[in-house]
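With the hints as constraints, model all of the structure from the sequences given.
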Amino acid sequence: LTNRALVYVDDDWEPWAGEWSGDVGLAYTDRTQVSDPATTIADDYEAHLTMNYETILLCAHSNPNLHAFKIPPDLWEGGYTEYYEIPAINPPAYFYNLFACSNARYIESNYMGGWYIFCDSFGLASIGSTKTGSMLEFDAFYGPFGSGSPYGQALADWFTTMFADGIEDWERCWYYGMTLCGDPTLVRGQLPVTIMTSLLPDGEYNQLYLVTLSARGGSQPYRWRLVNETKLPDGVTLDSLTGSIAGVPTEVGTFNPAISVTDGSFPAAADTVVLTLRIAFLCGDANNDGTVNIADAVLIIGYVFRGGSAPLPMAAGDSNGDTSVNVADAIYLVNYVFRGGPAPNCP
29 LTNRALVYVD DDWEPWAGEW SGDVGLAYTD RTQVSDPATT IADDYEAHLT
79 MNYETILLCA HSNPNLHAFK IPPDLWEGGY TEYYEIPAIN PPAYFYNLFA
129 CSNARYIESN YMGGWYIFCD SFGLASIGST KTGSMLEFDA FYGPFGSGSP
179 YGQALADWFT TMFADGIEDW ERCWYYGMTL CGDPTLVRGQ LPVTIMTSLL
229 PDGEYNQLYL VTLSARGGSQ PYRWRLVNET KLPDGVTLDS LTGSIAGVPT
279 EVGTFNPAIS VTDGSFPAAA DTVVLTLRIA FLCGDANNDG TVNIADAVLI
329 IGYVFRGGSA PLPMAAGDSN GDTSVNVADA IYLVNYVFRG GPAPNCP
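Here my numbering = 1-based position in the sequence shown + 28.
Among these hints, one or two may not hold up.
Derived CB-CB ranges, DEER-like [to be verified]:
hint, residue 1, residue 2, range
1, Asn354, Pro229, 32 to 40 angstroms
2, Pro229, Ser288, 14 to 22 angstroms
3, Glu105, Trp44, 20 to 28 angstroms
4, Ala296, Thr189, 21 to 29 angstroms
Hints are computed from structural coordinates only; laboratory data are not their basis. Beta carbons: idealized from backbone N, C-alpha and C, even for Gly.
Structure below.
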């Protein structure tokens, strides 16, 4: 199976669908969210069950033996998905999180949480409630699961998070009864660790540069580093923990840093890419203030005749492109600024 998730949210919880899909994204970056009230009906859900998803989060009114779907405006006419349909559909998913009241009530015959995993060819584990209630704060579950924790440990971590500050009455009512059916020791298949960043934006000399690299797959946390004796421009560094390339470049040119990321597994998996970073400058802007004007000519004259500050960078002062900075460059700029002469043309 591909590492894909289905987030299927019926009408009553549609306002939270985006948030919950984001929580599932802590384990599955590739996911399909279905939450349009006009779309979420039994036939559509059953069609999605046949698709190539590794995990499914279903949010629908249920009892132990079925799911019931609504249609607008708040009508119970979206149809039912019943337990006996599951073997015929034979969903390829491995994991199910059933936001579906009493769907995991394992003392009942034909409970859905069991049919998903024991009566088809693929299902391995399901989470749900044995009564009214279900999981909330999905990030506390999918975060650990996405970081490599077994399915059962991720559920235990979720419980620990939910009750860390004590148990309120509504939490007792809503969360008690949560259970796991199937094998709690399973971990999700990992995509190979892959650097997703393929292009770096150009930067400007002596101006703040900031970009954060991204990766997917493997097990977090990631560690970033420069390899193969390559470098970034002077003044710019790579943060090994965050993957941020940041700083104020004090060097111009084209750089090709080879960047490697390793994941948190043992032994660690890694990926390496070679990126291109160009640091440019504004030709003629000798004082590096972002514009070309008479002040740049004045700076060049001060540098040449009075030992004043050098152009920043030096190449920005070579406005006539003759590979040296001298009074001719100041004259060239005056001609450009006041007489409509040719634009600066640094080599």
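Structure-based check of each hint:
| no. | hint | result |
| --- | --- | --- |
| 1 | Asn354 to Pro229: 32 to 40 angstroms | holds, 34 angstroms |
| 2 | Pro229 to Ser288: 14 to 22 angstroms | holds, 21 angstroms |
| 3 | Glu105 to Trp44: 20 to 28 angstroms | holds, 23 angstroms |
| 4 | Ala296 to Thr189: 21 to 29 angstroms | holds, 27 angstroms |
Hint compliance for this structure: every hint is met.
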